[in-house]
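There are 4 protein chains.
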Amino acid sequence: MKIKVGIIGGSGYTGIELLRIIHQHPNAEVHAITSRALEGRKISEVFPNMHGISELTYLLPDDNRLFECDIVFFATPHGVAMNNAALFLEKNIKVVDLGADFRITNATTWSDWYKMEHTQESLLKEAVYGQPEMKRDAIKDARLVANPGCYPTAVLLALKPLLQNNLIDTSNIIADCKSGTSGAGRIANQATLFCEITESFKPYGVSGHRHFPEIKQEIESMTESPVGLTFTPHLLPMSRGIEATIYVDLIDSDIDILACFENAYENEEFVKILPEGVYPETRSVKSSNYCQISVQYVEHSNKLVIMSVIDNLGKGAAGQAIQNMNLMFGLNEQEGLKQIGLLP
Amino acid sequence: MKIKVGIIGGSGYTGIELLRIIHQHPNAEVHAITSRALEGRKISEVFPNMHGISELTYLLPDDNRLFECDIVFFATPHGVAMNNAALFLEKNIKVVDLGADFRITNATTWSDWYKMEHTQESLLKEAVYGQPEMKRDAIKDARLVANPGCYPTAVLLALKPLLQNNLIDTSNIIADCKSGTSGAGRIANQATLFCEITESFKPYGVSGHRHFPEIKQEIESMTESPVGLTFTPHLLPMSRGIEATIYVDLIDSDIDILACFENAYENEEFVKILPEGVYPETRSVKSSNYCQISVQYVEHSNKLVIMSVIDNLGKGAAGQAIQNMNLMFGLNEQEGLKQIGLLP
Amino acid sequence: MKIKVGIIGGSGYTGIELLRIIHQHPNAEVHAITSRALEGRKISEVFPNMHGISELTYLLPDDNRLFECDIVFFATPHGVAMNNAALFLEKNIKVVDLGADFRITNATTWSDWYKMEHTQESLLKEAVYGQPEMKRDAIKDARLVANPGCYPTAVLLALKPLLQNNLIDTSNIIADCKSGTSGAGRIANQATLFCEITESFKPYGVSGHRHFPEIKQEIESMTESPVGLTFTPHLLPMSRGIEATIYVDLIDSDIDILACFENAYENEEFVKILPEGVYPETRSVKSSNYCQISVQYVEHSNKLVIMSVIDNLGKGAAGQAIQNMNLMFGLNEQEGLKQIGLLP
Amino acid sequence: MKIKVGIIGGSGYTGIELLRIIHQHPNAEVHAITSRALEGRKISEVFPNMHGISELTYLLPDDNRLFECDIVFFATPHGVAMNNAALFLEKNIKVVDLGADFRITNATTWSDWYKMEHTQESLLKEAVYGQPEMKRDAIKDARLVANPGCYPTAVLLALKPLLQNNLIDTSNIIADCKSGTSGAGRIANQATLFCEITESFKPYGVSGHRHFPEIKQEIESMTESPVGLTFTPHLLPMSRGIEATIYVDLIDSDIDILACFENAYENEEFVKILPEGVYPETRSVKSSNYCQISVQYVEHSNKLVIMSVIDNLGKGAAGQAIQNMNLMFGLNEQEGLKQIGLLP
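Chains as they are written, first to last, in UniProt numbering: chain A, 1 to 344; chain B, 1 to 344; chain C, 1 to 344; chain D, 1 to 344.
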């Protein structure tokens with residue numbers, strides 16, 4: 001019997017990526033997909049890659065079919081999962097929120113950054129931050145998983161071996177991050193029109209971005225030292241992919257950092273440490289659930305530079321959500337996720 | 001037991017696409033990959049999406065391991081398969097040539113277009129043109145398959161229902177085709193540098209392109225009438241995808257053309273006929289083995305326009321090659337090929 | 001004294017292209033720019049390339065400053081110029097409409113395609129179709145110029161030498177055209193988001209596009225024979241540029257077509273005929289007012305193929321509008337327009 | 001009388017950009033252009049935007065016509081200008097080297113980074129670093145100008161107001177830089193093929209890039225304090241544009257940094273300081289000689305972030321070279337350079 005999956009808010013890029021991955025998953029199938037705006041329309045009208053592939057039709061979010069599912073994924077603006085997760089949990093339906101509603105454990109911090117009161121503090125306590133390489137065991141037992149943000153995924157995987165081994169001065173961490181435009185969603189918006197994005201590059205959210213408190217919280221969970229973090233996102237003229245270039249100061253520059261990273265991830269299928277002198281490219285992980293990481297100590301600058309790439313829709317969203325689902329249902333964590341990056 | 005696959009000339013985009021598809025194929029595995037220039041190098045040094053995925057190393061083309069395979073794919077410049085296919089066939093190793101050596105049945109025509117003598121006329125007679133939707137039965141029994149060109153695949157699938165039902169004037173067929181740049185290969189070349197291609201579009205090969213005689217030959221195989229064909233390729237500022245816009249004159253404009261196409265392909269998984277008024281986009285089939293086709297009778301012009309899209313590396317090359325392999329080995333034709341187009 | 005220019009509806013890509021060209025024009029300056037939605041905002045807030053360059057601020061369309069101009073350009077949706085042109089003409093202010101309101105001389109045909117009644121038939125009679133290479137003298141004397149559509153400009157320049165010399169069968173003209181996405185405008189729209197356009201290509205408007213009657217009308221103005229035209233637009237994953245590939249049958253295939261084109265345009269600065277065997281690329285005319293044309297007789301198909309490229313915002317819109325302005329004010333036609341295409 | 005310009009090594013992207021700018025320059029004309037490989041070919045065969053625009057033909061580098069010039073630009077690989085500059089200087093022909101031969105004042109440092117002995121130490125002493133906003137007066141009197149690298153131009157303009165006013169801790173400067181692919185040149189190269197670059201992003205040269213010693217040298221020229229610099233270049237999937245995001249620690253966070261930048265550049269036409277909260281986009285300066293800079297103090301991180309954009313072929317190469325030429329010949333520094341960035 002396949003796991004029955006519900007997708008709430010399935011009109012965007014995360015929605016189609018969930019559909020695409022689940023289509024290839026041997027143990028899961030989409031049982032219901034909802035969109036208030038698209039109710040009654042076939043998904044192939046909305047996603048033309050689905051012509052002749054699926055006869056699914058968008059339902060209203062309160063459709064009963066959603067409550068027949070074993071798990072629901074929220075791919076919705078913040079606030080929606082917060083207000084609706086309990087409806088499913090109380091029916092023993094597991095919940096993964098691909099939005100931000102349960103990522104920040106401190107409700108006040110959440111409210112400051114998301115400009116909305118958090119009404120579900122008890123769920124906030126229960127929710128598990130769904131980064132399998134950091135919290136695998138807790139995820140296995142979770143009913144409610146907060147799927148991490150895309151930038152936090154790239155940054156935290158790059159920092160974890162350093163933090164857990166106390167190798168860096170945590171007071172001066174700089175994460176210069178770049179994202180493909182699919183991270184901005186599929187809503188009509190002048191700022192993300194083709195002609196506004198192509199052949200251009202820019203920073204944004206420099207004075208403050210919502211992934212900042214999320215990254216900081218998770219760094220702090222891995223260290224006792226005070227954390228000073230600077231995080232700058234930039235927008236790339238491409239669809240998919242995030243690259244994080246992270247600058248830190250080593251406490252002891254004699255450590256074999258590459259070996260430390262290789263050890264930290266030797267049993268992790270989805271995190272690949274690159275050989276010395278090889279730097280990651282976002283295309284290497286496009287359409288996949290992989291993360292590639294490279295470390296470079298720069299002698300003339302006396303800095304350690306860590307570079308990390310993921311597909312923001314894959315390991316940064318839908319792929320990681322399916323990885324979490326696999327864990328929550330006791331499946332092989334890699335099921336349905338072993339596609340290689342699409343090159344070219 | 002998995003089918004042992006050999007890839008000869010595996011350094012280009014067709015090579016990595018074969019690797020990617022076979023990685024997900026339940027019944028096949030790459031046993032040997034060759035490249036004279038890359039001998040001894042790991043494939044992950046050449047294709048960075050393979051880091052930590054495969055330990056394959058490039059062999060020389062005469063390595064014995066190649067002769068342990070059940071099937072070899074030639075992904076080589078023309079001339080190579082012609083001169084080497086027999087070595088494998090005589091050892092009962094099946095051969096699929098993704099190049100052009102066995103596509104043109106007339107050796108003289110081949111020589112005229114490829115500027116090289118054809119030395120293997122008997123193999124030319126034996127070879128089956130590997131378009132499963134046209135020649136499925138012959139492919140099942142073939143030892144040697146000539147995998148079709150990318151443009152011919154897109155054009156022929158679009159014309160087949162019309163030709164087989166004698167619905168058009170075959171003396172005036174115009175195929176205006178556009179291809180992504182991956183069709184030009186991975187060899188260092190000023191003309192296909194990023195800065196030469198991006199934000200630009202151009203026709204090329206207007207006075208004559210090698211896919212012209214191939215398309216014409218296959219059209220002629222489906223009709224008794226004299227064939228007049230104009231074929232113009234263009235280069236798109238994108239990696240993957242071919243679109244063919246084909247202009248024909250209907251003999252009888254009262255025919256229900258859409259129904260004719262739907263009937264022709266109702267049992268074909270990989271060819272999808274779009275609803276009336278919906279036109280195909282190359283992205284819908286990106287990374288997949290699907291073809292999407294749309295037909296539009298234009299009243300004020302009295303023309304039938306047929307539009308067809310494929311991924312030139314998928315259905316136009318490696319995908320179709322695997323589809324042929326599946327048929328040649330009696331497997332389910334769709335095995336390993338049901339990935340949906342990557343969107344976005 | 002510089003010509004005082006007004007731009008009505010200056011919030012889109014045509015608006016910024018007018019601003020950019022006029023900034024370099026020795027004899028003109030923008031005196032007023034309007035946008036109902038952007039009233040009071042600085043143009044540098046809307047077009048970030050203008051920071052520190054201009055202190056212009058958007059006015060309301062009824063601002064008096066507009067009536068101090070010598071000429072106004074309408075860069076507005078259809079209907080606006082139709083209803084407002086007279087206000088300027090009666091004050092002896094010349095008008096160039098970059099929209100479609102005065103392009104179609106038959107009011108009924110216009111209404112059929114634009115779904116709106118034409119209320120200004122007398123202005124329609126007066127308006128001159130602003131294609132300088134076809135109607136230079138009439139433009140010099142015009143008060144009201146209908147600036148041609150982008151596709152019509154590319155197609156008509158490619159056909160004019162053939163039509164004026166009666167060299168082709170006009171009953172079977174096929175124009176397969178491809179446009180960059182800037183032609184779709186700057187309004188927020190899901191269909192033209194970066195992630196919807198990049199790495200994809202598609203036909204659109206196949207059953208009928210508003211530039212069809214415009215092209216047909218102007219072809220008919222150059223020939224006595226009945227005209228059969230098929231016009232198919234496609235959308236390119238790039239910002240600027242139109243390519244038209246046109247298929248026609250020669251009446252007499254012995255004519256030296258290249259010489260015919262060279263003669264036709266030998267005194268035209270902005271139309272360049274390419275040497276035999278050289279095909280045009282859209283990038284060659286990017287950001288410029290040039291058109292490049294190539295002709296190729298295809299022997300094995302017995303067709304003449306004409307290929308033409310322009311920048312849809314340059315010669316296809318703002319550049320041609322300035323060329324018209326130059327003519328209307330008795331300036332050197334090339335003034336401010338001799339920038340070379342931006343490569344790369 | 002126009003300045004007679006010679007371009008040595010005019011086959012690449014810097015060459016065509018020089019041609020394009022000089023074409024619009026009222027006081028200069030290209031008198032000779034050389035390329036050993038392209039001798040005898042018309043420039044329009046090499047740069048298709050030049051069809052019908054110029055009849056220039058490539059000469060050999062020792063052609064006499066070169067010695068009739070008033071100034072020569074070297075757009076050559078390193079080593080060429082070093083060995084040939086003296087030939088021109090002794091004939092009173094001014095020299096601007098767009099390569100790296102005279103940028104590093106210490107010959108040993110140059111040799112370490114460029115893997116070649118420096119044979120012209122006296123010229124090295126004479127050469128002026130051609131950054132007009134930093135060394136205008138020296139450039140006016142120079143015979144030999146070392147045109148700055150593209151990354152150094154973006155970084156140094158962003159740091160100058162801070163360094164000259166001693167506002168930052170110079171021991172911890174991080175410059176995370178991103179460049180369009182035209183910076184990699186026009187030589188055939190697998191790594192910069194369209195399909196390798198599009199839809200991807202990557203760091204490169206992380207352990208050491210030749211622009212590092214150049215940036216460090218010029219920073220040190222503006223401060224007494226010890227300089228600790230980390231510089232990481234990345235490659236963008238676009239043609240033109242560099243963005244530098246620079247992280248520094250303020251000595252006194254109460255300073256009005258924006259005012260400091262505005263004052264520093266209030267008389268500089270080509271450097272625009274953006275309003276608070278507006279961040280630069282590379283497209284804003286595409287095809288232009290402008291630089292746009294933004295400063296943002298990030299409170300929760302206690303860092304100052306400075307962001308700077310230029311066109312790597314404009315202000316980062318050919319534009320700045322022409323600006324230097326204008327200064328060297330006593331012309332208005334802005335002559336021929338006031339084009340606005342091309343948007344879209």
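Hints may contain errors.
Treat identical chains as interchangeable: a pair holds within one or across any two.
[To be verified] Mimicking DSS-like on lysine-lysine, the simulated pairs with C-alpha atoms at most 27 Å apart in a straight line are:
1) Lys115 with Lys4
2) Lys2 with Lys91
3) Lys2 with Lys115
4) Lys338 with Lys2
These are computed hints drawn from the structure, not numbers from a lab.
Now the hints, each set against the structure:
| no. | hint | in the structure |
| --- | --- | --- |
| 1 | Lys115 with Lys4 | neither (34 Å within a copy, 48 Å between copies) |
| 2 | Lys2 with Lys91 | within (19 Å within a copy, 44 Å between copies) |
| 3 | Lys2 with Lys115 | neither (39 Å within a copy, 51 Å between copies) |
| 4 | Lys338 with Lys2 | both (19 Å within a copy, 18 Å between copies) |
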